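Guided by the hints, dock chain B onto chain A, whose structure is given.
Chains as they are written, first to last, in our numbering: chain A, 1 to 417; chain B, 1 to 533.
In case anyone wonders, no lab produced these hints; they're calculated from the structure.
Treat the numbers as computed from the prediction; the structure is a model and nothing was measured.
In this text, a Cβ means the ideal position worked out from N, Cα and C, and glycines have one as well.
Among the hints, erroneous ones may be present.
Claimed, not checked - Subject to a maximum C-alpha distance of 30 Å in a straight line, what follows is the list of computed DSBU-like cross-link-like pairs (lysine-lysine):
| # | chain 1 | residue 1 | chain 2 | residue 2 |
| --- | --- | --- | --- | --- |
| 1 | B | Lys523 | A | Lys31 |
| 2 | A | Lys317 | B | Lys523 |
| 3 | A | Lys81 | A | Lys224 |
| 4 | A | Lys31 | B | Lys521 |
| 5 | B | Lys156 | B | Lys521 |
Said to hold, decoys possible - Computed far set for chain B versus chain A, every beta-carbon distance over 10 Å:
| # | residue |
| --- | --- |
| 6 | Leu93 |
| 7 | Ser464 |
| 8 | Gly467 |
| 9 | Phe480 |
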Amino acid sequence: MDDLIQKYAHKLIHAGLATARGANAPLIGGKDQALVWNRTAQEIPVLTSVFDRLAINSLVFLRPAPPYDRIIGFLADRALKTTGRITPTDCETRTFLHDLPVADQFTAQGMVQALSCRKTVIILTKDRRGQSRGPAVIAPGTVTPEQGFVHVSSVCFACFVKFFSDYLSGLKTGHTDPEMDAVYQQILPFLETSQPGTSPSSSLMSGPFTDEAQATAAMSQAGKQVVADGLVDSYFGNISCCLNPILYISQTGAALDELEGCIDPVPLDGSSSAGITASSELSAHLEIIARTGCRTILHGHPRFSVILSMDCDPDQKAGCPFNTRCHTHCPVSRHIKNIPIVPGEVGTGPFGLCHTLPKAFDGSDTVIVYGHGVFATGDVDFIPAFSHMTAVETLCKNHYLDQVKQLTQRTRKSELS
Amino acid sequence: MPVCLFTGPLTATIAPTSGRCHMMSISPLTGLVGDGSMGGKMGVQLKRAGWDGLVITGKSDTPVGIHIQDNQITLAPAGRLWGMPADRVHDTLAPGKDSLACIGPAGENGVRFAAVITDRYHAAGRTGLGASLGVKKVKYIRVSGTGRTRVRYPEKLKQAREDIVRLTAASPALMGQFGLSRLGTGALYDLMDNRCMMPTHNFTATRFGPASRLNAHAYAAAFQPRRHGCKGCHILCKKIATRADPGASLPEFEAMSHFTALVGLDDIHAVTAANQVCNRLGMDTISAASALACFREITGRDLTPESLMTLLEDIAFDRGSGKDLKHGAAHYAESMGHPAAAMAVKGLELPAYDPRGAYGMALGYAMSTRGGCHLRAYPISHEILRKPVATDRFSFSGKARIIKISEDLNAVVDSLIACKFTFFAAGLEEYANALHGVTGNPVTARDLLAVGEKTVYNERIINSLNGFDARHDTLPDRFFDHPGTGCAQFFVPPIDRAGFESAKSAYYAVRGLTPEGRPTKEKAKQLGIDLHG
Chain A
1 MDDLIQKYAH
11 KLIHAGLATA
21 RGANAPLIGG
31 KDQALVWNRT
41 AQEIPVLTSV
51 FDRLAINSLV
61 FLRPAPPYDR
71 IIGFLADRAL
81 KTTGRITPTD
91 CETRTFLHDL
101 PVADQFTAQG
111 MVQALSCRKT
121 VIILTKDRRG
131 QSRGPAVIAP
141 GTVTPEQGFV
151 HVSSVCFACF
161 VKFFSDYLSG
171 LKTGHTDPEM
181 DAVYQQILPF
191 LETSQPGTSP
201 SSSLMSGPFT
211 DEAQATAAMS
221 QAGKQVVADG
231 LVDSYFGNIS
241 CCLNPILYIS
251 QTGAALDELE
261 GCIDPVPLDG
271 SSSAGITASS
281 ELSAHLEIIA
291 RTGCRTILHG
301 HPRFSVILSM
311 DCDPDQKAGC
321 PFNTRCHTHC
331 PVSRHIKNIP
341 IVPGEVGTGP
351 FGLCHTLPKA
361 FDGSDTVIVY
371 GHGVFATGDV
381 DFIPAFSHMT
391 AVETLCKNHY
401 LDQVKQLTQR
411 TRKSELS
Chain B
1 MPVCLFTGPL
11 TATIAPTSGR
21 CHMMSISPLT
31 GLVGDGSMGG
41 KMGVQLKRAG
51 WDGLVITGKS
61 DTPVGIHIQD
71 NQITLAPAGR
81 LWGMPADRVH
91 DTLAPGKDSL
101 ACIGPAGENG
111 VRFAAVITDR
121 YHAAGRTGLG
131 ASLGVKKVKY
141 IRVSGTGRTR
151 VRYPEKLKQA
161 REDIVRLTAA
171 SPALMGQFGL
181 SRLGTGALYD
191 LMDNRCMMPT
201 HNFTATRFGP
211 ASRLNAHAYA
221 AAFQPRRHGC
231 KGCHILCKKI
241 ATRADPGASL
251 PEFEAMSHFT
261 ALVGLDDIHA
271 VTAANQVCNR
281 LGMDTISAAS
291 ALACFREITG
301 RDLTPESLMT
311 LLEDIAFDRG
321 SGKDLKHGAA
331 HYAESMGHPA
341 AAMAVKGLEL
351 PAYDPRGAYG
361 MALGYAMSTR
371 GGCHLRAYPI
381 SHEILRKPVA
391 TDRFSFSGKA
401 RIIKISEDLN
411 AVVDSLIACK
421 FTFFAAGLEE
431 YANALHGVTG
441 NPVTARDLLA
451 VGEKTVYNER
461 IINSLNGFDA
471 RHDTLPDRFF
481 DHPGTGCAQF
491 FVPPIDRAGF
501 ESAKSAYYAV
511 RGLTPEGRPT
521 KEKAKQLGID
531 LHG
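The following block holds chain A by itself, in its conformation from the complex (with noise of 0.2 Å):
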């Protein structure tokens, strides 16, 4: 178990979601006979007695760092100001985590009570002045640390991309305040200083793959370039290349940084169900692979692409029948520039996105699913389907960043007179 937790601990460190030291130091412990931690922290006799009244192996819990500390606490305490809940539209948290409880006290009881319906809690405390310590994310596992990896890194995900959606969303509908506007500034310095896709496409390694072991190394190192980069979060994310007549995907819950072991090869004749550990998206690689001849899928979460993903002209979405099934059921045809956005859920279901995602591969090499993510294609290596998502990030990013910056300027002009 300990090399579990240093593990953990070290992987929220290097997602920029926590710090090696401080007050955001991820605290992980980890229990089979004995309860072990990570370090010694203040919070570990509540958290023992958390412990202690679930049926749990291990627990993270996390003061998230700049600038998920400024979001989170900002959305929960919005959150316990009305349901004690943040509800993110995102894809992946509608689809595992439902919805973020918070609590405003750091009690065994409180934590037990949400964690006991929700895979997550957030809590935010606040001394007699009204000051917090900022907020903090605390998730537990029953097989594992990662899972509770997982979890908190999914929460700083999906209020990552809540926040700026309710940003976009408010300033067009006139709904921002004084301190959504103060949070979107304070955060504004590490959005310009955190680019996208910094490292050169040019430095994977280029095909055509002959072999096994240069495609499942060609994935790999993919896949890492892809998480350094930060166009995707945790264990979020697929990655495959087809060399014929066995396509190579990664694994079902596979971290992208983390693909070596972790790869499977699925003949693209069906012979063989060993494919059945394959990422849930595996039906629509070999979908897409077989209506365009590319060799190489990637699939991220860049941020800007998500939320934009979701933005939509606030008349419009008012007068749409579907307004509140966006994910699937969205009847607009819908384009950044001129990449296309579809709906679809995670899997093969009725509105899976194996149904949407190959066609619109028909006339891009880059496909956004709305909410979701970003799926980019390559004709022989992992070089164009790399830049090709790097661009649309770097692309979704500048234009997000325009919108508000027009939006606030419109505002104001309007205030004005």
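Relative to chain A, chain B alone:
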């Protein structure tokens, strides 16, 4: 010994996969708690008839059938059906929309691993419950209900259903290209061979050469199956042939594996025929195949498709070698002076996952309250299928607590009642919401796990009272003494006995048992169980 047949609080509602019911008694095969989940529509009909469950006590002098039509319960003479195979019982009684569970000749003739066959295609296979009904001379149970389950908060239940269905749609193991919905449980066949976990030649090896032509793809090509499932299920993992042998129920993964690799045969038509014979005569395919693999090892006589059928029939009709084999692999091997050849835990034959390739499975087999069972803890979920996250399958690290929590969870699943497959994707979080919607009583995953813990401890108490303790919580020596079959990527060593014993001790501590594996009054009291004596 009473035989109980129970529905759960979700039965006959829109909660996904809640159409099953559960049968239980003391196993005639093992002497342990014996139970089996029963698919089909029996649970739904029983609930609609207004009954939560049925407790059958005493026994009849002559064969009978139990008829339940709403609140009317009658016993009907069944002498004319005695001796009849299960499929003919269904043909004769033609239940239509009613649900019909029956035993075959195996249950009548005291085969200790006799099954109960429900609605033609579904078996409560394990632990010999067919023999439990046979002793009582109960040939069949027919149920028809016209009522409806009242739901307190339909919208809440609907939301829970949507959440669960969305999660299953996102699960490659369930609804993916090679998932159970498309290929049936046979989808696991390639994976088990690929992971060097396929029990081969009575567990003397863990890979089977011809496996690649005996997989789900081969069955799909040969039989062009259609999908079928339990009432109210959207996964539909059961496969029924439309070609070659139309209407035949195709074998589940366990039968596919054990009637090939375990017994040393490589003919999918023989597997399908053996599976059908077991269903018609009412026998558990896992135990039957394992008993035959044990027979093969001890006698040195290889099986052929023909001798396989003959031996299965001999078992069911209590003749020839079947007279000894009908008592199960452990009794047979003991009687032949080769107890080590029985690949069973506490008398229950092991299913098709070799524990040398998954140490959680090793611990799960050993600790299971019904003997060599993969479903009590179901560690394949995380050790092989990577859900909710992957664990190191060649390590005991952390497994004691994982197995304990999983056992508690699966006891809840068997009580709700839902299908365990759904839990490759959904969790108690979603099912607690469904239960809240049905009953109107707020309940959390934590509350449910507490119920599961109490259930498992209760079973431990029952087994302890019947003389079972740590001496029985172990695996056949073969797994500690011999390696499995490795591959280019990895070696499959024997299980380290010290590591296993250490994990076992950790399990006892986590479960609240003594170092000898016995329950304590203190822990029982803490769980709300009054433990006398």
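**OP:** Verify the proposed pairing of lysine 81 of chain A with lysine 224 of chain A, using a straight-line Cα cut of 30 Å.
**Re:** Cα-Cα ~40 Å, so violated.
**OP:** Decide, holds or violated, for the assertion that all CB atoms of chain A are farther than 10 Å from the CB of glycine 467 of chain B.
**Re:** 27 Å, holds
**OP:** Would you assess whether leucine 93 of chain B, listed as outside the interface, keeps its beta-carbon beyond 10 Å of every beta-carbon in chain A?
**Re:** Label holds. Min Cβ-Cβ 37 Å, cutoff 10 Å.
**OP:** Starting from lysine 523 of chain B, check that the Cα of lysine 31 of chain A is at most 30 Å away, please.
**Re:** Holds, at about 20 Å.
**OP:** Taking the shortest Cβ-to-Cβ distance between phenylalanine 480 of chain B and chain A, state whether it exceeds 10 Å.
**Re:** 22 Å, holds
Subject >> Proposed proximity, lysine 523 of chain B with lysine 317 of chain A (alpha carbon, max 30 Å) >> reply: Not OK: lysine 317 of chain A and lysine 523 of chain B at ~58 Å, beyond 30 Å, violated.
**OP:** Quickly compare the C-alpha distance for lysine 31 of chain A and lysine 521 of chain B to 30 Å and report which way the hint goes.
**Re:** Roughly 25 Å between the alpha carbons, so the hint for lysine 31 of chain A and lysine 521 of chain B holds.
**OP:** Mind checking the alpha carbons of lysine 156 of chain B and lysine 521 of chain B for me, to see if they're no more than 30 Å apart?
**Re:** Roughly 39 Å separates the two Cα atoms, so the pair is violated.
**OP:** Measuring Cβ to Cβ, find out whether serine 464 of chain B lies farther than 10 Å from everything in chain A.
**Re:** 22 Å, holds
The earlier numbered hints that this structure contradicts are 2, 3, 5.
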